[in-house]
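Chemist: Sequence:
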Amino acid sequence: MLWRRLEMWREVLVEELLEAERLDEHFAATQPPLDDESVYRIFNKLMLEGKVRAAVRFVTERGGGGVLHPSAQAEKRPPGVTLLDVLREKHPPQQQPCEEAFLPCDSLPPLIDVDITESTAERTIRSLSGSAGPTGGDVDFWQGLLLRFGAKSGRLRSAVASPVSGLAPISCASR
Numbered sequence: 000m001l002w003r004r005l006e007m008w009r010e011v012l013v014e015e016l017l018e019a020e021r022l023d024e025h026f027a028a029t030q031p032p033l034d035d036e037s038v039y040r041i042f043n044k045l046m047l048e049g050k051v052r053a054a055v056r057f058v059t060e061r062g063g064g065g066v067l068h069p070s071a072q073a074e075k076r077p078p079g080v081t082l083l084d085v086l087r088e089k090h091p092p093q094q095q096p097c098e099e100a101f102l103p104c105d106s107l108p109p110l111i112d113v114d115i116t117e118s119t120a121e122r123t124i125r126s127l128s129g130s131a132g133p134t135g136g137d138v139d140f141w142q143g144l145l146l147r148f149g150a151k152s153g154r155l156r157s158a159v160a161s162p163v164s165g166l167a168p169i170s171c172a173s174r
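Take the sequence shown: its position 134, counted from the start at 1, is 133 in numbering that gives the first Met the number 0, and no numbers get skipped.
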């Protein structure tokens, strides 16, 4: 989005930039603070759904974090220390490894044939817990889609298993 707006600036599309800013303000992602009754209702709902961890995180206001800007001030550090400085401190510069660091290998290990099927996907889905990553869907959402609709869920599980099965030999061979 930033690059698109810079391009709009270069092309002197001022009206379009102003409209984009008006829309951004109109659809601001900030939410008003919740009153005690709302906090109680949400906490109770999460507990009744068996989402104890999510309920505790909600009531203690420990959000899931988010993307941090590298030039942002690092918490619990002296003023002027950025997140990028902290990351550089934690991660040493890249080095060329010496030859003795590698194990001798005359031949490659055999390629393991991994077959991930619809039933493999079903077993995995039944054992999921917690959140489901950047898509925003939680486990209940994915289990609902992939388990509760009979043959249609089975076809969806097959569709999920197919690309994973294609990637499995690559990941096993690289180990």
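Since the hints were derived computationally from the structure, they do not count as laboratory data. Heads up, some of the hints might be wrong.
[Claimed, not checked] Calculated pairs, DSBU-like style, for lysine-lysine (alpha carbon to alpha carbon, straight line, at most 35 angstroms): (1) Lys151 / Lys50; (2) Lys89 / Lys75; (3) Lys75 / Lys50; (4) Lys151 / Lys75.
Chemist: Which numbered conditions among the earlier hints are violated in the structure presented, ordered from lowest to highest?
Modeler: 4
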